[in-house]
Amino acid sequence: MSAGAPAAVGRHDPFLEAQFDDAVQQREAATLGMWVFLATEILFFGVLFASYTVGRVLHPEGFAAGSRRLDMLLGTIETAVLLTSSCLIALGVRALRLEQRARCCGLLLATAALGLSFLALHGFEYYREYGEHLVPGIDFLQTGPAARTMELFFCLYYFITGFHSLHVLVGVLVIAVLTVRVWRGAFGPRHYTTLELAALYWHLVDIVWIFVYPLLYLVGRAG
Amino acid sequence: MLLPEASSIAPRIDALFWSMTLLCAAVAVAVFVALIVYAVRYRRGSNADRRGRLNQDLAVELTWILVPFALFVAAFIWSLTIFTFAHTPPADARTVYVIARQWMWKVEHPEGQREINTLHVPLGMPVRLAMTSQDVIHSFYVPAFRLKQDVLPGRYTQLWFVPTRLGSFPLLCAQYCGLDHASMGGEIIVMPPAGFARWLAGHAGAGSLAARGAQLFRSHGCSGCHDPKSAIHAPDLTGLYGTTVHLADGRTVVADERYLHDCIVLPAGQLVAGYPPVMPSFSGQLSEEELLALIAYIKSLAAAGPSRGAP
Amino acid sequence: MSTLESAAVPRSFLAHGHRLGAWLTTLDHKRIAILYGLGITFFFVLGGAAATLIRLNLITPDGALLSAETYNKAFTFHGVIMVWFFLIPSIPATLGNFLIPLMIGARDVAFPRLNLTSWYLYMTGGLFTVAALLAGGVDTGWTFYVPFSTLFSSSQVLLAVIGVFVSGFSSILTGLNFIVTIHSLRTPGMSWYRLPLFVWAMYAVSLVMVLATPVLAMTLALIGLERGLGVGIFDPALGGDPLLFQHLFWFYSHPAVYIMILPAMGVVSEIIACFARRRVFGYRFMTYSMLAIAVIGFLVWGHHMFVSGQSVYASLVFSLLSFVVAVPSAIKVFNWTATLRKGDITFEAPMLYALGFVGLFMLGGLTGLMLAAPALDIPLHDTYFVIAHFHYVMVGGSVMAYLGGIHFWWPKLTGKRYPESWARFAAILMFFGFNLTFFPQYILGYEGMPRRYHAYLPAFQPLNVLSSGGASILAIAYLLPLGYLLWSLRHGAAAGDNPWGARGLEWQTSSPPPQENFTHPPQVREAYDYEAPPP
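Residue numbers (my numbering), protein chains in the order written: chain A, 1 to 223; chain B, 224 to 534; chain C, 535 to 1069.
These are calculated hints, taken from the structure and not from any lab test.
Values in this document were obtained by computation on a predicted structure and should not be read as measured data.
The reader is advised that the hints may include incorrect statements.
[Stated by the list, open to error] Below 25 Å or equal to it, Euclidean Cα-Cα: the simulated DMTMM-like pairs (lysine to aspartate or glutamate) are:
id: 1; chain 1: B; residue 1: Lys329; chain 2: B; residue 2: Glu284
id: 2; chain 1: B; residue 1: Lys329; chain 2: B; residue 2: Asp459
id: 3; chain 1: B; residue 1: Lys329; chain 2: C; residue 2: Glu603
id: 4; chain 1: B; residue 1: Lys329; chain 2: B; residue 2: Asp272
id: 5; chain 1: B; residue 1: Lys329; chain 2: B; residue 2: Glu410
id: 6; chain 1: C; residue 1: Lys950; chain 2: C; residue 2: Asp1031
id: 7; chain 1: C; residue 1: Lys876; chain 2: B; residue 2: Glu511
id: 8; chain 1: C; residue 1: Lys876; chain 2: C; residue 2: Glu1060
id: 9; chain 1: B; residue 1: Lys329; chain 2: B; residue 2: Glu511
id: 10; chain 1: C; residue 1: Lys950; chain 2: C; residue 2: Glu882
id: 11; chain 1: C; residue 1: Lys876; chain 2: B; residue 2: Glu410
id: 12; chain 1: C; residue 1: Lys876; chain 2: B; residue 2: Asp280
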């Protein structure tokens, strides 16, 4: 990157920002930036996974008891929903690369819709858990020897799924905004880095759930 | 104002402290001298010989990596021996219980004597403190002993020592615990063994800790299940303390104070293999002092069979 | 002096828009650096005011000046402000932001909008923290240990935690920006091993900022949730573990101290190279040691927990690793010393600060070695020995390096020269004031004075009075630069492009630089090429 190069030379590219020399450099910088950001997200969720692990090792009975109260059917459906949405957004990026703008928008909208369905399903789970007095701090009435550590499990359950759902919501909003921009032609077959990076973020949100689901829903189900 | 060495481990800790201080001081002086000598000799305008500048030298770099590292490892090993010694109480140590709370220290001798903010101990005999907190984290710190141990809610931590000097030594709380953290002090009073025995006799409370525990054992219905003649199949507590227990989830644990404490307040986490998970939790129903009394009682079941409450 | 033709000096970046709006919406990394500098100075004054209260109170053993409650809030505020709102951003956000693009020959950082966002996050976090103060203060200590902070404190924990949480994202985004900038925007010819050590330091610190800070963010969020909702995972009554909090907290907060020292090390390398007029000794080892500090620094957090109830085995592992992490720091101290050998040394104020850093950082680091031995940590933990140790590295270290850097690059930033005699006097006064303040605290700690005590045993008074006396000298030494640097903005002599005759691309452009940093491509050579004349 040559500083001091006159700003006008070779800068017909409307997508090119002033601090970059060429589109390749800009794309590489943006991609590296997104990967670094994803690393921070992994550490962010890592704290919750570490806390969960500690709790599960110290109180296996309570955690198993709590896990059995979660709705495994809904959890499984949610997993399928997110996995599908990841596939759809990948196809959407590909569609844009093939200059199929309408198809891309459709796929993006479908991804966002699936994201919203995930949130709705999970909201419904929360609603059911509230009805069963499984919400620490608001309404938690469980009895039995494992009641206390079950409360600990549910604290972690709400924190983990709550932060995850927040990330899903942000993802849905980003995809919605990008859908509009794709429709308006803001991206081209060679300039879609933003969309690609948004898809990366969505894949991360999906991968986090891939860990959340077995850790929370599938404990103590075998045998 | 030199701090007295009043425990058996204090001289060992001081020896390491002063050795490291000397070593660090030597390094510091060497570097300071080098800095000053170079600054003076090579200041602008001096006629020192500046030919043959070296910008790197692998041999020199490796030397000042490996030599410090070797010294560090030596310090680490020396510290390791003292640290593991500090965490290995002798089997015949006298156990005294400490309950910390905002902002005082409550001491319970096994014979039943209670103290607030003071701890009487006999000279030359090992004492082991089993400590817990009623509220936040505190820290039991006796500078003259060179010893300190954080005291936590919900579990027991331990600290052991052999007092080697008579007298009274300050006890301080060393983990910030709120408003009157700085006032949470006291003293350790080291007495000759005979004097200590007289003190114990003169301050006898209403029965030993274990006796109080036996009363609680009955009044809270523990004997309803844990009595060998009970219809409920519950683990026999005779000789339990200090043995290895096999839990239902496959883990094995040693039945120490923490295990017993957790069994009473969080039984679901300590289900014993082969027994039904029916023990209720007594969390919130028993104070820390009562829990200690129960634990002391269960420990007393080691030698003879179930005691009927005699001190 | 660069080879500019006799055309007019390029328009300084300071001249592009004078209105407040131009500054608050700027995307220029140099202006953002100044915005940070103003914020940092403001918070330093706040934190210093809290320190003044503390040292005044500790003149008498009964601590009668402040109530216990006020004192507890004072040391908490001092810690929170100084750690998160001064030390962590200081060098990276001001000097790093200003210098990285210049040093690598770029026009700006990779993500200028993100850069401005980082500043707003920093200021918003600060706003919340000051709000916590105004709403009554926080009394948990900057370490927020549970269960005191979650279940027992009746102070503004939630507000304070939100403030730090928000400012944490400023750290993360700055680190992200620096990593991408250094990877992607180096000018042709500027290979990794030609980079100034300051850039290497910024890269290493960015790795730590990016990977450690998210852990703090989530840990604080858990505290906030526990306070806000009344339920959480650290409550012993539910089977929660207060030690889990300590592990999570120190997993960030230990690397955080390397966030505070690595940039200082970068600054000191630049200054010593310039004023000894030679390449830093062992350039490659200097780069490896900074990366080693960044990486190994993630593995030593348990040395804050030797007496916490952590297992003996864990303590021994953390102890060994803590000794290991001291090795690269030792390498650096020896290499800086060796850089002076056969140099051509002058003693301008930046050099005085840098030499002061080497000595004081070394003393702080050596006492850190003593604390790394668990057997010694048993008596010394939570005493004034620890306070002295970390103030030696953070204040004798980081703050002196920060001031040295501000002086060194002041001409480049402002186009003005500061008054050299005043600056030298302030540096020397600071060195003496600092030692008088903090050396007695080593003794107090060994003698058994615990930290966070608003009143203490009367035998400790003489050393406390000495320390408070030193603090008043230190305060004057900090106020002096504030005064004469501001004075120099109006009355200082004009600085040329390269008043120090230093090497580095930033000295190949005008002082202050134009908005786009360079009017023609800078000449890239080996780092610290003092053998040859300046380009």
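Hint by hint, here is what the structure shows:
1. Using a Cα cut-off of 25 Å, the hinted pair B/Lys329 and B/Glu284 is violated, with the two alpha carbons roughly 55 Å apart.
2. Annotation: proposed proximity of B/Lys329 to B/Asp459 is violated, straight-line Cα distance about 31 Å (limit 25 Å).
3. Proposed proximity of B/Lys329 and C/Glu603 is supported: the alpha carbons are some 24 Å apart, at most 25 Å.
4. Proposed proximity of B/Lys329 and B/Asp272 is contradicted: the alpha carbons are some 71 Å apart, above 25 Å.
5. Taking the CA atoms of B/Lys329 and B/Glu410, the gap is near 12 Å; set against the 25 Å cutoff, the hint holds.
6. At most 25 Å may separate the alpha-carbon atoms for a hinted pair to count; C/Lys950 and C/Asp1031 meet this at roughly 11 Å.
7. At most 25 Å may separate the alpha-carbon atoms for a hinted pair to count; C/Lys876 and B/Glu511 exceed this at roughly 68 Å.
8. The straight-line distance between the Cα atoms of C/Lys876 and C/Glu1060 is roughly 20 Å, inside the 25 Å bound, and the hint therefore holds.
9. For the given pair, B/Lys329 sits about 10 Å from B/Glu511 by alpha-carbon distance, which is consistent with the 25 Å threshold.
10. Our distance criterion of 25 Å between C-alpha atoms is met by C/Lys950 and C/Glu882, whose separation comes to about 15 Å.
11. A threshold of 25 Å between alpha carbons decides the hint, and for C/Lys876 with B/Glu410 the separation of about 59 Å lies outside it, so the pair is violated.
12. Taken as a hint, the C/Lys876 and B/Asp280 pair is honoured in the structure, with Cα atoms around 14 Å apart against an allowance of 25 Å.
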